[in-house]
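Novice: For reference, the chains in residue letters:
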Amino acid sequence: MVRKLDKVDVVVVGTGWAGGIISAELGKAGYKVVALERGEEKSTKDYIGVKDELRFTNRFEMMQDLSLETITSRNTLDETALPVRTKHELGVGNDLGGGSVHWAGATYRFLPYDFEIYSKTVERYGKKKIPDGMMLQDWGITYDELEPYYDRFEKTAGISGEQDPNPNAPKHSSDYPNPPTKETPNLKLFKEAARKLGYHPMQVPSGNVTQNYENPDGQTINQCVYCAFCTQYGCDFGAKSDPIVTVIPAARKTGNVEFRTQSYVRRVLHKNGKATGVMYVDMVTGQEYEQPADVVVLAAFTFTNNRLLMLSDIGKQYDPNTRTGVIGRNYNGQFNITFLGARGFFNDKKFNLYMGAGALGATFTDLTGDNFDHTDLDFLHGGGVELRQYGDGAIASNKVPKGTPRWGPEFKEKSIYYANRNLVVWYTPAVMPWWHNYTDLDPTYTDVFNDPLLRATFKYTDQDRNIAKFGIEKCREVVEEMGADIVDDDEIPEEFDHVYQGGHYAGGVIMGSDPSTSAVNNYLQMWDMDNLFVVGASAFPHFSNHHPTATVGALGYRAAEGIEKYLKNGGGSLAKSHEQKDKKII
Amino acid sequence: MSDKDKTNDNNNRNGKNGNGEHYDPGRRRFIKNTGILAGGVVGGSILGGLLTNQFQKEPEQVQTETDLQDARMFFDRREDFNVLSAATERLFPKDDIGPGAIELGVPYFIDKQLNSSWGWNAKNYMKGPFVQNNYVRDYEKKDRDQSKQGPHTDVLPEVPTPRYQTRLNRGEIMLLGIRTMDQVSQDRYQSSFDKLEGEQQDEILTAFENGEIEMAGVGSETFFNLLLQLTIEGAFADPLYGGNKNMMGWKMKEYPGPRAAYIGDIESEDFIVMEQKSLKDYQS
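Residue numbers (this note's numbering), protein chains in the order written: chain C, 1 to 586; chain V, 1 to 284.
No lab work stands behind these hints, which were simulated from the structure alone.
Fair warning: this is a prediction, and the values are worked out from it, not measured in the lab.
The C-beta atom is built at its ideal place from N, Cα and C for all residues, glycine as well.
Accuracy of the hints is not assured; some may be wrong.
Claimed, not checked - Pulled a few chain C residues facing chain V out of the computed Cβ check, cut under 8 Å:
1. E53
2. N58
3. P185
4. A228
5. M355
6. N398
7. K412
8. A419
9. H498
Throw the hints in and build the complete structure from the sequences for me.
Specialist: Below, the structure is given as structure tokens:
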């Protein structure tokens, strides 16, 4: 029996950056909010003194328990999708704070080009430049419109960085609130090489905060000490910007927000075109609950946002054969064809690679977006070129030059010799949307409640291979300039390998200005159900050439503002659809 | 980050500068092959900073409390454990750089890992149907070299992990693989695997690595990759798991173990060698 609870103003599904920001903002505005998290209650106490590489990096301690739910994956429409069974192949954040607790902290904004990518591409190169089947579309919002929300996110998160010296870099209305991370010898080496090649290097904008910082909500983030246990770990020192040290305590402070953990949402409930609440299971007792609310917000990971709409039968499922429908459309993300580059091995130089932080790194943006002429190039968009110093663990640091055996005496000797003598420079290419890449429900495999799993269909195209090739060549030039004795190029994979490690998966519930090609408007409000907001990377119509978090945060603030407007106005759509605009003009 | 820690760092840092060393793996192999030189001091001069003091003499076999953990909890048959031990030692052999898998406690590490929630695949999706058709088998033959992969693979072990599509859990795969390896050894050489010459053992391991051996329910390369992954993990995981005995794996790599803070050292132009500390030190 489902037990019905008292109605609240807003119910939020997910407690990462998106859900955390929305909960805090609406709590501050005086609304009663319940935020539901499928994972466990966590605080910084859980992450103190647990620097254990095997447990966190190799056994994926902080990732979703796949015995409850996973996804299925295939490359093409005529294949049978198979479940992604192990955490080695699928790492999606879990527990309070979501994936935003184990993230590395690289905090880039997307580019003005991204938000108007269709218009700007056509304007500069003509329609013919866009290959048939590439579902390029504008986001229904411009960079300038989103800029204030980026700025807010960066201040909440205490982002530590410097102004991008690239003259084509997007304008920021104010500086980062904290100075950049430290310039280590390997980063210096990278920057010197990049400058010699005519690029404009800088420190990666970082969520590993460089000084004790009190954010505008009054929450304190501590100074990062570069302890190296960062990506895939919660922070030992409360020094990584994450929801559990920022927006979650800010939300709690209002007295209006309740975070309910181990609460597994199974359905969005709706009646007559309005969401009425959600149905969830208390994973401790097994009791099913209905949580009614005036506004429902899906702010979970991309996969969950997609799947909950499909399971709840909200919106029209995308059909690749007819290229109609919107839910599941433009599924995209950065898979194993991205982040390729060149690795340099140094015979006469050693680096303190065991020290580091998730977002400690150097980069340049000269080869991002449309900052370089694509007239004679066989791809669109670009990528960042990065050198990171995560802080290598002892299990991970087994990099050997190509041609070295994978085991035995030679492997042992070289893996130990080069443990502190190798640096990798990679390219972080954008990923374009294609008609054949989408999500829907799997016809065979089910979760612990016997609901269908989400099925992801994704394959690479020439665009992906060509941009990867371009990036690898550029990275090789940098690594050679850095003086490496051996430079090994990464190899371009033939096809997507169904490994989802990296957390950069997006789309399926995309934003836009036309309800026939987008699911949500530029306040992340569903076109088909005006009291349902779907927030997160699921709204990205394509994947830009930078890490997604700043944009998720900015969209979180944008959605929070929209929800507040909606509640104040007593309902209604917050944005005019493209079709309606056209009618007005006529 | 405490003062205590800082003091230790200062005491133990010998200020060794790794820069300026020269390394030529080809030359080293040549010297080895001619048999003129054997390990020890001369090898040290070639490998330079790799050989810190603790490896110029044999590490003492100290009977510590840790050794009481060296008992089997997964492999019931001693014979299976012996085969496992011999295989790991071929994958990560003892040499003049330092100890091999057996001395590092890798076989006991593996034994413990297999009798854990990870060994039972407790947090993996293990619902059927399990598709073991040609498509999957073919897929499993594709190596997944992590260094050629996407975001954050820098922090993953450098071992291929083919797509997992078997109803067997990791413990079952390992037991089946170990016994199949011994069976292959009996068929080819009428001897148990652990009694073979090293080259014979390598030949059998390579056959498994290449997927040439028939195993029920899983490709032999899947078993081999799991064995290799576990061996590397056992050499370098925190000693709390039973491997990396006395932090000897970390000493070889000049990896210090968990530390509170590097903020004072991270801009150093010199490579800094610190005394190894384990999670036990860190938490106490």
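Novice: With 8 Å as the cut and Cβ atoms as the points, is H498/C at the interface with chain V?
Specialist: With a minimum Cβ separation of about 6 Å from chain V (threshold 8 Å), the hint on H498/C holds.
Novice: Does the interface hint hold: is P185/C within less than 8 Å of chain V, judged Cβ to Cβ?
Specialist: holds (5 Å)
Novice: Was the hint right that N58/C lines chain V, CB cutoff 8 Å?
Specialist: holds (6 Å)
Novice: Using Cβ atoms only, decide whether A419/C comes closer than 8 Å to chain V, and label the hint accordingly.
Specialist: holds (5 Å)
Novice: Report holds or violated for the interface hint on K412/C, using the least CB-CB distance to chain V and a cut-off of 8 Å.
Specialist: holds (6 Å)
Novice: Hold the hint about E53/C up to the distance rule: shortest CB distance to chain V must be less than 8 Å.
Specialist: holds (7 Å)
Novice: Per the CB criterion, is A228/C less than 8 Å away from chain V?
Specialist: holds (7 Å)
Novice: Holds or violated: is there a CB of chain V closer than 8 Å to the CB of M355/C?
Specialist: holds (4 Å)
Novice: Identify whether the interface hint at N398/C stands, where standing means a beta carbon of chain V within less than 8 Å of its own.
Specialist: Hint on N398/C: holds, closest Cβ of chain V at ~4 Å, below 8 Å.
Hint violations for this structure: none, all hints satisfied.
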